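Asker: Top to bottom, those sequences are chains D and W.
Numbering-wise (our numbering), the first sequence opens with residue 1 and increments by one.
Numbering-wise (our numbering), the second sequence opens with residue 1001 and increments by one.
Hints may contain errors.
As the list claims (entries may be wrong) - Below 25 Å or equal to it, Euclidean Cα-Cα: the simulated SDA-like pairs (lysine to any residue) are: (1) W:Lys1023 to D:Thr41; (2) W:Lys1096 to D:Asn60; (3) W:Lys1023 to D:Thr87; (4) W:Lys1101 to D:Asp103; (5) W:Lys1096 to D:Asp103; (6) W:Lys1096 to D:Thr41; (7) W:Lys1023 to D:Ala79; (8) D:Lys95 to W:Ser1021; (9) W:Lys1023 to D:Pro90; (10) W:Lys1101 to D:Asn60; (11) W:Lys1101 to D:Gln34; (12) W:Lys1101 to D:Asp31; (13) W:Lys1023 to D:Thr36; (14) W:Lys1101 to D:Gly91; (15) W:Lys1101 to D:Thr37; (16) D:Lys86 to W:Ser1021; (17) W:Lys1096 to D:Gly104; (18) W:Lys1023 to D:Asp31; (19) W:Lys1101 to D:Arg102; (20) W:Lys1023 to D:Thr89; (21) D:Lys86 to W:Ala1038; (22) W:Lys1023 to D:Asn60; (23) W:Lys1101 to D:Pro100; (24) W:Lys1101 to D:Gln67; (25) W:Lys1023 to D:Thr37; (26) W:Lys1023 to D:Gln34; (27) W:Lys1101 to W:Glu1024; (28) D:Lys86 to W:Glu1024; (29) W:Lys1101 to D:Glu44; (30) D:Lys95 to W:Asn1149; (31) W:Lys1023 to D:Ala85.
Everything labelled a hint here was simulated from the structure, so no lab data went into it.
Here the structure is a predicted model, which is why all the values come from computation and not from measurement.
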Amino acid sequence: MRRQWVAWAAGTAVMASGGAALAHHSFAMFDADQRTTLAGTVKEFQWTNPHAWIFVMVPNHDGQLEQWAVEMGGPGQIARQGWTAKTLTPGMDVKLTIHPLRDGTNGGQFMALTLPDGTQLGNPDRGGARPGQGGADGAAP
Amino acid sequence: MRLIAFVLALCSASAPASAQSWKEYSDPDYAFTVSFPAQPKIKTTTYPAADGHAVPARVYSVAQDSGVFKMTVADLTTAGLEENAVLDQAVAALSKDGEVKVNIPARVSRVFGRQLSILGADGSRSSVAMFYHEGRLYQIEGKSLPGSNATADAIRFQQSLIFTDNASNRGAGERGPRRSGERGQRGAARCDTAPTSEAAKFDCRNPAGAPAPY
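Whole structure, please, built from the sequences with the hints as guidance.
Answerer: Structure follows, in structure tokens:
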């Protein structure tokens, strides 16, 4: 009986520890009807709750590098799609497709990414998908 | 003993790796977690409530050369104010020296509020989210300072807010943003068939109760 109780408590604790990873935000600040393509260099891949983030340095029209922040799902979710904390590393040259921020600042919601070897992650052709319809699909290598 | 070791190992395996530069900060008293780019300073101060009097507030902040990252929790439990009055006053205070570029509904788990993008008169850009929850105003603001390019950090900060109390600021059967004057009435927020405002359009695009894509 005691072993059963301990097992139940342990399972509950494990599930509760993932609670933060299940937190969701509305994504209304991203324009789901627009797509922007970025070509740049990974500065940092943050494997964090509630969302993983890709920070990428992208040259602007004047050739100066600007930092962009691309929001993904939580680690628990994207791990199920094959992503790991090491899928992206600083210095990688990547191409990203995002739903841009409505205010035009340097940020967006992840749609797809092309790795240096040409592997594509995600789906750039979701095209106008509303939040809640589809997600960061595509398996990581 | 082996079972306990197994549970500890599972917890370690499920814990996300920390970002190199951003640190998670939790306040269990106010039931939130936020990621800052550095260790925040905490200050106890006052906040001007919508009815004119000052209420206690706590401000957690990081100031860097390129940006300011601030989380404010104002205790409005004794003020007896309506949610829309609280949020409208907060929006007015934030935008008095700038222009609101975006003002749309926001949701973190089951807590509903608003999020804004503000262009300051000085050229700063702020990414803000605010929520009226458990009698408190939670206001998170990431500001990219004039001449810098920290808007990526600003949105990263603003999006990091988690409420850790697993509670909601909506009653059973109630969803989405409240209309002005509405006090916790039952019934889902409707999606106008011919939205006349940007806010209404965004309600239709992303009903606050709909799951996020992630």
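Asker: Can the restraint linking D:Lys95 and W:Asn1149 be considered satisfied, given a maximum Cα separation of 25 Å?
Answerer: holds (21 Å)
Asker: Given the hint that W:Lys1023 pairs with D:Ala85, test it: the Cα-Cα distance must not exceed 25 Å.
Answerer: holds (16 Å)
Asker: Within 25 Å, alpha carbon to alpha carbon, are W:Lys1023 and D:Thr36?
Answerer: violated (29 Å)
Asker: Can you confirm whether the C-alpha distance between W:Lys1096 and D:Thr41 stays at or below 25 Å?
Answerer: The given pair, whose Cα atoms are some 38 Å apart, is violated under the 25 Å limit.
Asker: Given the hint that W:Lys1096 pairs with D:Asn60, does the C-alpha gap stay at or below 25 Å?
Answerer: violated (31 Å)
Asker: Has the given pair, W:Lys1101 with D:Gln67, been kept, meaning a C-alpha gap of at most 25 Å?
Answerer: Holds, at about 21 Å.
Asker: Hinted pair, alpha-carbon criterion (25 Å max): W:Lys1023, D:Ala79. Please report holds or violated.
Answerer: holds (21 Å)
Asker: Taking only the CA atoms, is the gap from W:Lys1101 to D:Asn60 under or equal to 25 Å?
Answerer: holds (22 Å)
Asker: Are the Cα positions of W:Lys1101 and D:Glu44 separated by 25 Å at most?
Answerer: violated (28 Å)
Asker: Need the status of pair W:Lys1023, D:Asn60: alpha-carbon distance at most 25 Å?
Answerer: It is violated: about 29 Å lies between the C-alpha atoms, which goes past 25 Å.
Asker: Holds or violated: are the alpha carbons of W:Lys1023 and D:Gln34 at most 25 Å from each other?
Answerer: Distance of about 32 Å is beyond 25 Å: violated.
Asker: Check whether the Cα positions of W:Lys1101 and D:Asp103 lie no farther apart than 25 Å.
Answerer: Answer holds: W:Lys1101 to D:Asp103 is near 6 Å, not above 25 Å.
In summary, the structure is inconsistent with hints 2, 6, 13, 14, 18, 22, 25, 26, 27 and 29 from the numbered list given earlier, while agreeing with the others.
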